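Q: Construct the complete structure from the given sequences, taking the supplied hints into account.
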Amino acid sequence: DGGITQSPKYLFRKEGQNVTLSCEQNLNHDAMYWYRQDPGQGLRLIYYSQIVNDFQKGDIAEGYSVSREKKESFPLTVTSAQKNPTAFYLCASKLTGTGLYEQYFGPGTRLTVT
Amino acid sequence: DQQVKQNSPSLSVQEGRISILNCDYTNSMFDYFLWYKKYPAEGPTFLISISSIKDKNEDGRFTVFLNKSAKHLSLHIVPSQPGDSAVYFCAASAIIQGAQKLVFGQGTRLTINP
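So the sequences go chain by chain: A and B.
Once you know that position 25 of the first sequence is 25 in the numbering used here, the rest is easy, because the numbers rise by one and skip nothing.
Once you know that position 33 of the second sequence is 147 in the numbering used here, the rest is easy, because the numbers rise by one and skip nothing.
Please note: incorrect hints may appear among the correct ones.
Pulled a few chain B residues facing chain A out of the computed Cβ check, cut under 8 Å [unchecked claim]:
| # | residue |
| --- | --- |
| 1 | Pro123 |
| 2 | Tyr153 |
| 3 | Glu156 |
| 4 | Ser163 |
| 5 | Phe203 |
| 6 | Ser207 |
| 7 | Ala208 |
| 8 | Gln214 |
| 9 | Lys215 |
| 10 | Phe218 |
| 11 | Gly219 |
| 12 | Gln220 |
| 13 | Gly221 |
BS3-like, lysine-lysine: derived pairs with alpha carbons at most 30 Å apart [to be verified]:
| # | chain 1 | residue 1 | chain 2 | residue 2 |
| --- | --- | --- | --- | --- |
| 14 | B | Lys215 | A | Lys83 |
| 15 | A | Lys57 | B | Lys170 |
| 16 | B | Lys185 | A | Lys83 |
| 17 | B | Lys119 | A | Lys70 |
No wet-lab data here; the hints were simulated from the structure.
None of these values were measured; they are calculated from a predicted model.
Every residue gets a Cβ at the ideal spot worked out from N, C-alpha and C, and that includes glycine.
A: Printed below as a string of structure tokens:
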């Protein structure tokens with residue numbers, strides 16, 4: 001059955017290390033998104049991609065990087081330049097087109113950096 | 115600048131009663147609004163939505179009301195059930211820099227008491 005998978009569920013890293021979070025979807029969606037959730041805050045957009053080999057910065061892109069080499073995959077790298085990387089990271093995807101608004105979310109990855 | 119605000123961080127309602135969750139927005143360019151439900155350590159799931167050209171949309175126990183002049187929307191859940199206990203996010207859609215994006219509120223934690 002179709003859906004979005006994120007792995008791993010929990011990730012622990014030492015400060016100064018880069019870490020890559022996986023996001024895969026088999027929904028045949030064109031657009032994919034990465035969000036970050038912190039306690040008491042809504043979801044904030046990190047990066048998004050509307051098509052393969054193209055992506056754009058969101059509201060809080062500093063310290064993050066992405067790639068979109070395949071339609072199904074949109075990995076997020078949290079670099080050592082990200083000042084406060086500990087958070088819950090959510091990947092989403094959607095169909096593109098007029099009248100299509102709903103984004104479908106993966107289960108999330110909880111990243112803890114110490 | 116918080117364009118979508120949910121001013122109540124938490125709400126407690128007795129089982130069987132009505133739950134009303136509120137959301138305010140500032141940007142007149144938003145053309146579609148969505149409510150998502152989120153359990154701890156999981157991704158948000160879509161609940162109900164409304165176009166900016168409507169003032170009400172109903173789906174079973176869930177009804178969303180939109181007051182465009184007041185830039186306010188609300189989610190009504192009746193009757194409330196224990197399984198409704200979750201964090202609810204309001205999201206507003208707009209075309210920003212050529213891409214459809216969702217802007218999320220901070221969320222309201224709903225607790226249904228038996």
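Q: Each hint: holds or not?
A: Outcome of the hint check:
Residue-level restraint check for B:Pro123 holds (minimum Cβ-Cβ distance to chain A is 7 Å; threshold 8 Å). The interface hint given for B:Tyr153 is violated, since its Cβ lies 10 Å from the closest Cβ of chain A, which is over the 8 Å cut-off. At a threshold of 8 Å, the smallest CB-CB gap from B:Glu156 to chain A is about 6 Å, leaving the interface hint in force. Taking 8 Å as the C-beta cut-off, the interface hint given for B:Ser163 holds, the closest approach to chain A being about 7 Å.
A cut of 8 Å between beta carbons decides the hint on B:Phe203: the least distance to chain A is about 6 Å, and the hint holds. Because the beta carbon of B:Ser207 sits about 5 Å from the nearest beta carbon in chain A, less than 8 Å, this interface hint is met. The closest approach between the C-beta of B:Ala208 and any C-beta of chain A is roughly 10 Å, which is over the 8 Å cut-off, so the hint fails. Nearest Cβ of chain A to the Cβ of B:Gln214: about 7 Å, under the 8 Å cut. The hint holds.
Restraint check, B:Lys215 versus chain A: the minimum CB separation of about 7 Å is within 8 Å; hint holds. Taken as an interface hint, B:Phe218 checks out: its beta carbon lies about 4 Å from the nearest beta carbon of chain A, inside 8 Å. Among the interface hints, the one on B:Gly219 holds; its C-beta lies about 5 Å from the nearest C-beta in chain A, closer than the 8 Å criterion. Interface restraint check for B:Gln220: the shortest CB-CB distance to chain A comes to about 5 Å, inside 8 Å, so the restraint holds.
Below 8 Å, beta-carbon pairs count as interface contacts, and B:Gly221 has one with chain A at about 6 Å; its hint therefore holds. Using a Cα cut-off of 30 Å, the hinted pair B:Lys215 and A:Lys83 holds, with the two alpha carbons roughly 25 Å apart. Simply put, A:Lys57 and B:Lys170 have alpha-carbon atoms about 34 Å apart, too far for the 30 Å limit, and the pair is violated. Distance hint between B:Lys185 and A:Lys83 is unfulfilled; the C-alpha atoms sit about 35 Å from each other, more than 30 Å.
Proposed proximity of B:Lys119 and A:Lys70 is contradicted: the alpha carbons are some 35 Å apart, above 30 Å.
The earlier numbered hints that this structure contradicts are 2, 7, 15, 16, 17.
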